[in-house]
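Participant: Below, each chain spelled out in residue letters.
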Amino acid sequence: MRIKHHPILGEITEKKIVVIYVDGKKIEAIEGEPIAAALLAAGIRIFRKTIKTAEPRGLYCGIGQCNDCIMEVNGVSNVRTCVTLVEDGMVVKTQVGKGKGGDLDDKY
Amino acid sequence: MNKKVDVIVIGAGVVGGAIAYYLTKKGKSVIILDQDEAASGASGGNNGQISIIDREPGIELDWAKESMKLYKEYEEIDEFETDLELTGGISLFYNEDEIRIGREVIKKYNEIGYHCEILIGEDIKKQEPYINTEIVKGAAYCKEEGKLNPFSITLGFIDNAVEKGSKLFNKTKVLDFKVKDNLIQEVITNKGSFYAEKVVVATGAWTRDLMSKLDLDYKIFYGRGSLMVTNPVEACIKGPIVPGCFTIGTLYEGDWNLLGLTQHKNGTITIGQDTRSFNDYNKGISYEGTVHLAKLFSEHFPELINLDIIRVWSAITPHVADSLPIYGFSGKYHNLFVAAGLKGAFTIAPAAGKMAADMILEDTYDHRVEEYSPARFEKGEKYEN
Chain A
0 MRIKHHPILG EITEKKIVVI YVDGKKIEAI EGEPIAAALL AAGIRIFRKT IKTAEPRGLY
60 CGIGQCNDCI MEVNGVSNVR TCVTLVEDGM VVKTQVGKGK GGDLDDKY
Chain B
0 MNKKVDVIVI GAGVVGGAIA YYLTKKGKSV IILDQDEAAS GASGGNNGQI SIIDREPGIE
60 LDWAKESMKL YKEYEEIDEF ETDLELTGGI SLFYNEDEIR IGREVIKKYN EIGYHCEILI
120 GEDIKKQEPY INTEIVKGAA YCKEEGKLNP FSITLGFIDN AVEKGSKLFN KTKVLDFKVK
180 DNLIQEVITN KGSFYAEKVV VATGAWTRDL MSKLDLDYKI FYGRGSLMVT NPVEACIKGP
240 IVPGCFTIGT LYEGDWNLLG LTQHKNGTIT IGQDTRSFND YNKGISYEGT VHLAKLFSEH
300 FPELINLDII RVWSAITPHV ADSLPIYGFS GKYHNLFVAA GLKGAFTIAP AAGKMAADMI
360 LEDTYDHRVE EYSPARFEKG EKYEN
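For the protein sequence lines, the chains are A and B, in the order given.
Just so we're aligned, residue 0 is where the first sequence starts under numbering that gives the first Met the number 0, counting upward by one.
Just so we're aligned, residue 0 is where the second sequence starts under numbering that gives the first Met the number 0, counting upward by one.
Take the hints with a grain of salt, since some may be wrong.
Below, simulated SDA-like cross-link-like pairs (lysine to any residue); rule was C-alpha separation at most 20 Å, straight line [unchecked claim]:
{"#": "1", "chain 1": "A", "residue 1": "Lys48", "chain 2": "B", "residue 2": "Lys212"}
{"#": "2", "chain 1": "B", "residue 1": "Lys264", "chain 2": "A", "residue 2": "Lys24"}
{"#": "3", "chain 1": "A", "residue 1": "Lys24", "chain 2": "A", "residue 2": "Thr52"}
{"#": "4", "chain 1": "A", "residue 1": "Lys99", "chain 2": "B", "residue 2": "Lys64"}
{"#": "5", "chain 1": "B", "residue 1": "Lys172", "chain 2": "B", "residue 2": "Ser151"}
{"#": "6", "chain 1": "A", "residue 1": "Lys48", "chain 2": "A", "residue 2": "Ala36"}
{"#": "7", "chain 1": "B", "residue 1": "Lys166", "chain 2": "B", "residue 2": "Ile187"}
{"#": "8", "chain 1": "A", "residue 1": "Lys97", "chain 2": "B", "residue 2": "Lys190"}
{"#": "9", "chain 1": "A", "residue 1": "Lys97", "chain 2": "B", "residue 2": "Thr267"}
{"#": "10", "chain 1": "B", "residue 1": "Lys179", "chain 2": "B", "residue 2": "Phe328"}
{"#": "11", "chain 1": "A", "residue 1": "Lys3", "chain 2": "A", "residue 2": "Val21"}
{"#": "12", "chain 1": "A", "residue 1": "Lys99", "chain 2": "B", "residue 2": "Glu302"}
{"#": "13", "chain 1": "A", "residue 1": "Lys99", "chain 2": "B", "residue 2": "Glu162"}
{"#": "14", "chain 1": "B", "residue 1": "Lys179", "chain 2": "B", "residue 2": "Tyr129"}
{"#": "15", "chain 1": "A", "residue 1": "Lys99", "chain 2": "B", "residue 2": "Phe328"}
{"#": "16", "chain 1": "B", "residue 1": "Lys264", "chain 2": "A", "residue 2": "Ile26"}
{"#": "17", "chain 1": "B", "residue 1": "Lys3", "chain 2": "B", "residue 2": "Asn265"}
{"#": "18", "chain 1": "A", "residue 1": "Lys99", "chain 2": "B", "residue 2": "Lys179"}
{"#": "19", "chain 1": "B", "residue 1": "Lys106", "chain 2": "B", "residue 2": "Pro56"}
{"#": "20", "chain 1": "B", "residue 1": "Lys294", "chain 2": "B", "residue 2": "Asn281"}
{"#": "21", "chain 1": "A", "residue 1": "Lys99", "chain 2": "B", "residue 2": "Lys166"}
{"#": "22", "chain 1": "A", "residue 1": "Lys97", "chain 2": "B", "residue 2": "Tyr286"}
{"#": "23", "chain 1": "B", "residue 1": "Lys64", "chain 2": "B", "residue 2": "His366"}
{"#": "24", "chain 1": "A", "residue 1": "Lys99", "chain 2": "B", "residue 2": "Thr267"}
{"#": "25", "chain 1": "A", "residue 1": "Lys48", "chain 2": "B", "residue 2": "Gly266"}
{"#": "26", "chain 1": "B", "residue 1": "Lys3", "chain 2": "B", "residue 2": "Asn189"}
{"#": "27", "chain 1": "B", "residue 1": "Lys124", "chain 2": "A", "residue 2": "Gly96"}
These are computed hints drawn from the structure, not numbers from a lab.
Full structure from sequences and hints, please.
Facilitator: See below:
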C-alpha cells in the first residue's frame, strides 16, 4: 500500500522502480525510499525477532531512534531500516536475535 | 515518616549500596540519600570490568578476591544477578618499552598466585581474535579479570536493602550538616532533616564539595569519562580490554582518550573512554572525543567496523590526589565514615562494603586500611585543585 495522492505533498511522481530481496523473496521498491517503506508496501510487517523470546518486531518510531526495525542488510546486521535507503539489488534479511559480531567461525 | 535511623548513607552508588546492604543485613535501619537516583553517577556509567593488575598487592587485592566469592554468593542465594564472568582480561601495549615494563609488572602478580602472562603478536588473538595486531604489539593477560553488570549489582544492593526495611530517598541533596561535640547531629537536605547515630559518605566525585560543608578539604578531584554502546551482537569480544597505561602506570598529561571496552552478557559492547578533567559536573559528551573513540575502535578492530553505536554518555568519576581510596572513620567527626575514591569500585565494593559495615557497627579498626584513613586530609592544610 502506498499513498499515491497526498493532500499536502501532492501526487507521487515517476520514480525508478528497483528490486530488492527480502529473505530470498524478490520485491519491488522505489529507489531512494527507506527500506522499511518498501517492506510495508509489500505487506511485510515483521522485520526482526527479539533476542530473549523471539517475538516479532517491526516499524515503531520510524525516525531512527528506537532500533526496533533493525534487520540484516547486505550482510550487515543491526541496520535501522527506517533510515536506510533502498538500493537496487539489496539483500535484506529478518534479524533473529543479536546481530552478527564478526565473521570468524571460531570466535574465541 | 521516621527520619531517625541507625545509619544514613549518602550516595546510592555501588559503594554506598554495598554498605547499606550489609548494614541492613545486620539488622540496622538505614536511610540512603542520593542527589539524583540509584546508579546515576559513576556506578551507572561504568564499563563493567573486573580489574586486577592495576592494583597494588595488599588490601585491594584481598578485597577483589573476596568480592568475587561474594558475587557468586549473591547469585547462589538468589539475591540478584551479577552477570559475573571471569573471562580473563588484557591490557594493551603499543611498543617494546611498554611490553618490557609490562613484563616487570606482571611478575609481582605471578608471585602472589595470579595467572598473568604477556601475549605477543598473534598470541593476543587467542584471547581477542578480532584485535588488530598491526597496532597492538603486546598485551598483559590476567586470567582472574572479567566482567559484570554494574546496573544489576548496584540496584541489587539497594533493592535488597530497601526490601529488608531500609529507605531510599532519591533527588535528595544534602545541603548542610549540624554538628555538636564532634558528632554529626543532623543531615539537612532539600527534603528536610535526617537523623542518625552514624553517617556514611559514599559520594564519589561529589565528596570534596560535600565535605567542604564540614570544613574539611579532602583532596579528591574528578574527571569526566565518556562511553559509547553498540546494538547487541553475538559474542565477539571475550573479556575486558583496558589501556596498558593503567597497568604499567605510565603518566599521561592533560586530556587523553584511550581505548577500553567490554562486551556485556546482553551482547552490547561499551567502548570507552574519553576522559578529561573538568571543574564542573557537566555530563555532556564531546564531539571530538566521540569521533576519536570511534576511530580508535575501528583501528583496533577493523573487522567490527559495522557495529552500530546507539548511545554515548558521560559519567563523573573521582580520583584522589595520592591515588589511594578515602576509606574509614573521620578523625574529626567521630560518627562520620567515608568511602570514596575507590578506583574500579565494582572489583572491590562487596568486600569493602562488608568491611565498612563491620567497622561502622563495631567501631573495629582493620590495620590494613590505615593508609586510606580520611584523617590524612584533616590536618588543616588547604589544597589547591
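Participant: Evaluate each hint against the coordinates.
Facilitator: Evaluated hints:
1. A:Lys48 with B:Lys212: 53 Å, violated
2. B:Lys264 with A:Lys24: 34 Å, violated
3. A:Lys24 with A:Thr52: 25 Å, violated
4. A:Lys99 with B:Lys64: 34 Å, violated
5. B:Lys172 with B:Ser151: This hinted pair is violated, its Cα atoms lying about 24 Å apart.
6. A:Lys48 with A:Ala36: 19 Å, holds
7. B:Lys166 with B:Ile187: Holds, at roughly 16 Å.
8. A:Lys97 with B:Lys190: Roughly 44 Å separates the two Cα atoms, so the pair is violated.
9. A:Lys97 with B:Thr267: 9 Å, holds
10. B:Lys179 with B:Phe328: Satisfied, since the Cα-Cα distance of roughly 17 Å is no more than 20 Å.
11. A:Lys3 with A:Val21: Distance of about 24 Å is beyond 20 Å: violated.
12. A:Lys99 with B:Glu302: Answer holds: lysine 99 (chain A) to glutamate 302 (chain B) is near 11 Å, not above 20 Å.
13. A:Lys99 with B:Glu162: Roughly 40 Å between the alpha carbons, so the hint for lysine 99 (chain A) and glutamate 162 (chain B) is violated.
14. B:Lys179 with B:Tyr129: Status violated; Cα separation ~60 Å.
15. A:Lys99 with B:Phe328: 50 Å, violated
16. B:Lys264 with A:Ile26: 37 Å, violated
17. B:Lys3 with B:Asn265: Cα-Cα ~41 Å, so violated.
18. A:Lys99 with B:Lys179: 62 Å, violated
19. B:Lys106 with B:Pro56: 12 Å, holds
20. B:Lys294 with B:Asn281: 24 Å, violated
21. A:Lys99 with B:Lys166: Violated, because 43 Å separates the two Cα atoms, which is more than 20 Å.
22. A:Lys97 with B:Tyr286: 28 Å, violated
23. B:Lys64 with B:His366: Holds, at about 18 Å.
24. A:Lys99 with B:Thr267: 11 Å, holds
25. A:Lys48 with B:Gly266: 15 Å, holds
26. B:Lys3 with B:Asn189: At roughly 16 Å apart (the allowed maximum being 20 Å), asparagine 189 (chain B) and lysine 3 (chain B) satisfy the hint.
27. B:Lys124 with A:Gly96: Violated. Lysine 124 (chain B) to glycine 96 (chain A) sits at ~26 Å, over the 20 Å cutoff.
Checked against the numbered hints given earlier, the structure breaks hints 1, 2, 3, 4, 5, 8, 11, 13, 14, 15, 16, 17, 18, 20, 21, 22, 27 and satisfies all the rest.
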